[in-house]
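Those sequence lines, one after another, are chains A and B. Per our numbering, the first sequence starts with residue 24, numbered consecutively. Per our numbering, the second sequence starts with residue 435, numbered consecutively.
There's no promise every hint is true.
Claimed, not checked - So the derived label-pair ranges between C-beta atoms look like this:
1) B/Glu795 to A/Arg89: 39 to 49 Å
2) A/Arg75 to B/Glu633: 45 to 55 Å
3) A/Gln63 to B/Pro540: 30 to 40 Å
4) A/Arg75 to B/Ala692: 15 to 25 Å
5) A/Ile39 to B/Leu465: 19 to 29 Å
6) A/Ala40 to B/Asp609: 42 to 52 Å
Said to hold, decoys possible - Computed list of chain A residues with no C-beta within reach of chain B, every gap over 12 Å:
7) Met24
8) Arg26
9) Ile36
Please keep in mind that the hints were generated in silico from the structure rather than gathered at the bench. No residue lacks a Cβ here, since even glycine has one placed at the ideal position from N, Cα and C.
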Amino acid sequence: MMRHGLALLALTIIAIAGWAYSVNYNTMTAFDRVRELRGQIAEEREALQVLRVEWAWLNAPDRLQRLTEQFASQLQLVPLVPDVLSHTAIVPFPEDPATIVGIAPVIDRTGLIPVPVSRPAAWRAE
Amino acid sequence: MTDFAAPKNLRTGAGQRADWRLMLLMGSFCLCYAAVVLNMGLLAATDPTEPVIGDSASKGRPVRGEIIDRDGNLLAANLPAWSLYAHPHVMKDPIKVANALDRIFPDIDRETLLKKLTGQRRFAWIKRPVTPRERQLVHDLGFPGLHFGNREIRIYPAGHSMAHIVGSVRAEREDVRYTELTGSAGIEKHFDARLRDPELAGQPVRLALDLPVQQAVRAVLEDGMERLTAKGASAVLMKVRTGEVVSMVSLPDFDPNAKPVFFRGKAEDSPRFNRAAQGRYELGSTFKVLTAAMAIEAGVVNAETMIQTPSQLKYGRHRIGESHRMPAQMSVENIVVKSSNVGSAKLAMMIGTRRFKEYLEQLGMFDPSGLELAESAKAKPLLPPYWTDLSSMTISFGHGLAASPIHLAAAYATLANDGLRVRPTLLSGPQAPGERVFSKETSREMLRIMRQVSVRGTARRGDVPGFDIGGKTGTAEKIGARGGYDRNRVISTFASVFPTSDPEYVLIVSLDEPTDRSGRKPVRTAGRTAVPVAAEIVRRVTPLLDMRPRLAPVTEAPLTLNTGAE
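Pulled out of the complex, with its shape left as it was, chain A reads as follows (with noise of 0.2 Å):
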């Protein structure tokens, strides 16, 4: 009965050991993936870092500046000034100038903008 008793004993902790010599092993590889990870994401920040700076660098204002004035003669653009801007109120509708019977003060956010007003559809039926 004691010999069984220690028979098992001995077996529990080789059993333990053995567990915990691979439980120590697996932690140190888990370490060792970590580490190479850390040093992977900070590689990958780094690049990161790089390419945000690169990309502000090459979308300087004055580097844009300069190479629209060089490709000026493809690019064609002008600076945006306020005169091309305009209220979507302003444009008339497509409509046959039969139809339109007044023009109708608009409150825009900007003002009173006139519009014209054409006969309801209903009206043209008859």
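Got chain A sorted already, so can you dock chain B onto it with the hints?
Same frame as chain A, now just chain B:
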């Protein structure tokens, strides 16, 4: 006997048990101590290592925080780079190394390099920083004793246009492992502690400035400066409600990514000098708007009050005159619109020196502007050493007090912001509302008068249809070499608010010694120099600021019938 033996037996039994207990106690103590000693020994024997599984992954070299504009464009960023150093004692042939390095780095003096490598030193810096290409070339040489250290370099992608604002850094402590960068000008210096804080390294400093707007303002200003042969120019575009500086340009400027070059001459003429925040100039007639606002606010006049304006006003030995003929009697509105010095001086007298000074102080004219730049903290407006009534009279039309364009922008913004004090800031974000300086009615009245300056006054060339620009011109003669004012050297300024119907922005444009030679005679007045430049800035900048021209409201909407047939 048994009587005797029993207690003895008892006693020996108790004694054995006590011994055993004592042994157990000693044993456990020994074990405890052994555990402690073992642990200490273990701690002492093992190499200290960083815990591999930590809480944060971004520990390492100190990284300086970034600076971005209001839309997130990078204005200042870091790039990993290298510095080249040498251990001369391990070199086999220092002269050969020096010759080879001289070919890679033409900017290094060969003699000093030779001295460094052949001397007794065991360590010498060769070049900092080194570009990746140069690093590869040095690697290709394959000489022993040449090493690379890590360092960061600061990059300013916005280049010239933001040079004065971001400022610069210099390497304070240099090490083979890393370099500590310290701000030496501009935002970099003012927010140095904030940018260096490792806790905040991931959060960039967000400025109120708008990079595309800044670029457009700079382009227009540079063009105007060239055309008018001015030697310098500055522009400030500020949000009326918050005091956020959306654009601040000072010309001439410099490339912040290039090595600083030594400038010979006066500090105010250096490209590094920020004319908008650091420069202090007598801003001329632009002050008349402030004087008139004070007079209306103090209740001594209203816009229609008529003031006697003789062609000359005598005060003791001093005379105040006009730049051109004026009517003998003018309303307060016309004093501003036609820019009368005598009228302004009279208004200043009606306000009284004590109240006049109080108003100027409330407008921030006595203190540094509070802008977040290292340079502007020192730019306190220049005031007369002894403030007499005459000082008040001359300051009422902008002579005798020198302030920066930022000061003027803040004062105009205060006036346009329903009279609530506006403090200039370079940081984006809302600010606590300021204290009341002028009433809402005064603010409205002055905006109406400023609009009249553009409609029928000195700033007619500055009107951009749809934006209701209002403002005031100022042409201040500079102090000549022999004292007194020099007629041919002026600072012309246009201070404007747009749109006056619902103020959104204040724009200050100032040109140093401009001359308009397009006509028969050279003209230097602000109406012909600063005003057209400001108008062009408004035209270019408003689409970028997402502003649309406001159409004149339809006063009467006639219902016309279009029969189409006729």
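- [ ] Report holds if the minimum CB distance from A/Arg26 to chain B is greater than 12 Å, and violated otherwise.
- [x] Per Cβ check, A/Arg26 is outside 12 Å of chain B; nearest 29 Å; holds.
Note to self: Assuming the hint says 42 to 52 Å, is it satisfied by the Cβ distance from A/Ala40 to B/Asp609 or not?
What the structure shows: holds, 47 Å
| Least C-beta distance from A/Met24 to chain B larger than 12 Å | holds, 28 Å
B/Pro540 and A/Gln63 - C-beta distance against the hinted 30 to 40 Å
holds, 38 Å
| task | Indicate whether the distance between the beta carbons of A/Ile39 and B/Leu465 respects the range 19 to 29 Å. | result | holds, 22 Å
Problem - B/Glu795 paired with A/Arg89, Cβ distance criterion 39 to 49 Å - result: At roughly 46 Å between Cβ atoms, A/Arg89 and B/Glu795 fall inside 39 to 49 Å, so the hint holds.
Check the following: the C-beta atoms of A/Arg75 and B/Ala692 are separated by a distance inside 15 to 25 Å.
-> holds, 22 Å
Status of A/Ile36, Cβ more than 12 Å from any chain B Cβ: At roughly 21 Å from the nearest Cβ of chain B, A/Ile36 sits farther out than 12 Å, so the non-interface label holds.
**Message:** Holds or violated: the 45 to 55 Å window for the beta-carbon distance between A/Arg75 and B/Glu633?
**Reply:** violated, 21 Å
Hint compliance for this structure: hint 2 alone is broken.
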